[in-house]
Amino acid sequence: MEFEPVIGFEVHAELKTNTKVWCGCPTTFGAPVNTQTCPVCLGQPGALPVLNGRAFEISLGVATALNCEIPRETDFDRKNYYYPDLPKNYQISQQFRPLGRGGWLDIDLGAEGTRRIGIDNIHLEEDAGKNIHPEGATHVDYSLIDLNRAGTPLLEIVSTPDIRTKAEAEAYMKGMKSLLEYLDASDCKMEEGRLRFELNISLRPKGSSTLGQKVEIKNLNSISVVLKCIDHEIERQTDILEEGGEVEGESRLWDEAKLVTRTMRKKETSFDYRYFPDPDLVTIVVTEEQKKRIAEELPELPLAKRARFAEQYGIPEYDAGVLTANLQMADYFEAAVRAHDNPKSVSNWMMTEMIRRLNEAGEDAGAADFAVRPEALAELVRMIDDDSITGKIAKKVYPLMVETGRMPSVIVEEEGLKPIDDSAIEPVVRKVLDENPKMVAEIQDGKMKAIGGLMGQVMRATGGKANPQTVQTLIKKLCGVE
Amino acid sequence: MSLPKVDHVGEIGEERVRHVALLSRLELTDDEVGRFARELTAVIHHINKLEELDLTGVEPTSHPMPLTNVFRQDVVVPSLPNEAALSNAPEQRDGCFKVPQII
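If you read the protein sequences in the order shown, they are chains H and S. Residue 1 is where the first sequence starts when you use the numbering used here, and the numbers rise one by one after that. Residue 1 is where the second sequence starts when you use the numbering used here, and the numbers rise one by one after that.
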């Protein structure tokens, strides 16, 4: 029997605020352990939470961008469970009246167009602390807790189980990450755990409309890991179903060392969270005027920017998609084009030389931190355009720009890569023609293909520093075919 | 463990007491389970008195005060020093709270 996967995601995004969601402690990543806490986020008796207005505002922006319905009234509930990284013994979340419901995200499937994935709800909650498991020692019987992260605003975005393929899962994750970056809602650094995807996956016979038993998988810290995990779960669940077994409803963890998922806890022993409204926090009323203002203040979103790039800069739709998939990349492109108006060439350099290097640097590497600044790329393209250097030399200069972060004009000067003066090219061309009488004859016979061979030799002889246009004109002139 | 939402009218059974004790990380003796079942049943009977009131048209209330939209500015205030944060910890190590091992 052929099975199809039914996939949904819970996205957890730490919001980009200065302070935690219920107290004024900072949310800086990597601070010394337990130095960003106070009585509120330590869960001390009597300490009272007060909602961070900025965190709520950012959340409303995300809900609006994801086409959610924002209710007039929203409030916070306690989710009760015991875990050492949760000092209050409850997490403040939104169970009964979340701030957004029933939206969607259009995902980009390349040649297949876009597909609409439903958003069930969006709610604001708090992150837990961090458990540190001492490494090395074999007989360790303790864990260490760092509560710096406890109380960091965490936005949870729950999709409906609309995703059917790995390609759709990838497009959803990338689309969501891109949107959160565009909205400046989150840093989205997955390696730092600022953005986390929790996968829900079940199988059902292809064509069936019922839902199979779902399994949820946590501990997925990059998009590529989620994709590996989908492959693994499809295989694991298919094996179980084909042998006539039943998939167990449970939470599983991804084990990156073994490339498998393993049981974390069974649903039957899972917690009964006993949600109830948090009496320490008050209801938030969102007015129609506020919703309208937030919608008006939304920045240009990925799909709109993509259409504008293709239209305004005359670059191919595909290139516009790549350049706008990421806000840093899009800003980089526009900064370079502002400095030198040749969008096609700027785009080409970015699509080839730059993206390859960023990909090599990992999923979290962004254009904003790239060694070659937009102004430097613009200068390089300008130098090619005004014949200050040849395209071939530019290819040599670029890696040096990446390595040193210096401007191309400086590198060309220092490395002696300036093009040779046109008057100096003629002797070289004459020499090459003298050495290749056969090819000269071919050209004089009208076989223009031979010009390419001679040009190659001239370029080699000049170390690529001759202007190709000049070389070609000279060859034709000296062969008498001009 | 899955239990019905409500035990039969106004009754807290021993099974529910054990379930709630597990959720609350309380270790109870068999005697205590029996005692809490009786006592909590009495509490429920008392609360059930409220069911006799006619509450037609009364909105559910989770908060006694007519307050909405209380926000805090997103401005950093100084946190506690590490020693102060850990001062009530039964055990500590390397600047962290030390707890029994979590797998």
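Source of the hints: derived by calculation from the structure; they are not laboratory data. For glycine and all other residues, C-beta sits at the position ideal for the given N, C-alpha and C. Among the clues, some could well be false.
What the hints assert, rightly or not - Residues on chain S that point at chain H, a partial pick, calculated with CB under 10 Å:
| hint | residue |
| --- | --- |
| 1 | 18 |
| 2 | 19 |
| 3 | 20 |
| 4 | 21 |
| 5 | 37 |
| 6 | 62 |
| 7 | 68 |
| 8 | 69 |
| 9 | 70 |
| 10 | 92 |
To be verified - Calculated cross-link-like contacts (lysine-lysine; reagent style DSS-like; alpha-carbon spacing at most 30 Å):
| hint | chain 1 | residue 1 | chain 2 | residue 2 |
| --- | --- | --- | --- | --- |
| 11 | H | 88 | H | 16 |
| 12 | H | 476 | H | 447 |
| 13 | H | 174 | H | 88 |
| 14 | S | 98 | H | 258 |
| 15 | H | 395 | H | 291 |
| 16 | S | 49 | H | 418 |
| 17 | S | 98 | H | 189 |
| 18 | H | 174 | H | 16 |
| 19 | H | 292 | H | 258 |
| 20 | H | 189 | H | 206 |
| 21 | S | 98 | H | 218 |
| 22 | S | 49 | H | 130 |
| 23 | H | 292 | H | 218 |
| 24 | H | 476 | H | 396 |
| 25 | H | 218 | H | 344 |
| 26 | H | 79 | S | 98 |
| 27 | H | 88 | H | 189 |
| 28 | H | 395 | H | 477 |
| 29 | H | 258 | H | 291 |
| 30 | H | 88 | S | 98 |
| 31 | H | 447 | H | 431 |
Now the hints, each set against the structure:
1. 18: 13 Å, violated
2. 19: It holds, given that the least Cβ distance between residue 19 (chain S) and chain H is near 8 Å, below 10 Å.
3. 20: Given a least distance of 9 Å, the restraint on residue 20 (chain S) holds.
4. 21: 12 Å, violated
5. 37: The hint is violated - residue 37 (chain S) has no Cβ within 10 Å of chain H, the shortest such distance being about 18 Å.
6. 62: Where the cut-off is 10 Å and the nearest Cβ of chain H is about 4 Å from residue 62 (chain S), the hint holds.
7. 68: 5 Å, holds
8. 69: OK, holds: residue 69 (chain S) within 10 Å of chain H, min 6 Å.
9. 70: 5 Å, holds
10. 92: 9 Å, holds
11. H:88 <-> H:16: 23 Å, holds
12. H:476 <-> H:447: 12 Å, holds
13. H:174 <-> H:88: 34 Å, violated
14. S:98 <-> H:258: OK: residue 98 (chain S) and residue 258 (chain H) at ~29 Å, within 30 Å.
15. H:395 <-> H:291: This hinted pair is violated, its Cα atoms lying about 50 Å apart.
16. S:49 <-> H:418: 94 Å, violated
17. S:98 <-> H:189: OK: residue 98 (chain S) and residue 189 (chain H) at ~28 Å, within 30 Å.
18. H:174 <-> H:16: 19 Å, holds
19. H:292 <-> H:258: Cα-Cα ~50 Å, so violated.
20. H:189 <-> H:206: 36 Å, violated
21. S:98 <-> H:218: 24 Å, holds
22. S:49 <-> H:130: 45 Å, violated
23. H:292 <-> H:218: 36 Å, violated
24. H:476 <-> H:396: With a Cα-Cα distance of about 28 Å, the restraint between residue 476 (chain H) and residue 396 (chain H) holds, given a limit of 30 Å.
25. H:218 <-> H:344: 42 Å, violated
26. H:79 <-> S:98: 24 Å, holds
27. H:88 <-> H:189: 27 Å, holds
28. H:395 <-> H:477: Holds: residue 395 (chain H) and residue 477 (chain H) sit about 29 Å apart, inside 30 Å.
29. H:258 <-> H:291: With Cα atoms ~47 Å apart, residue 258 (chain H) and residue 291 (chain H) exceed 30 Å; violated.
30. H:88 <-> S:98: Roughly 16 Å between the alpha carbons, so the hint for residue 88 (chain H) and residue 98 (chain S) holds.
31. H:447 <-> H:431: Roughly 20 Å separates the two Cα atoms, so the pair holds.
Hint compliance for this structure: hints 1, 4, 5, 13, 15, 16, 19, 20, 22, 23, 25, 29 are not met, and every other hint is.
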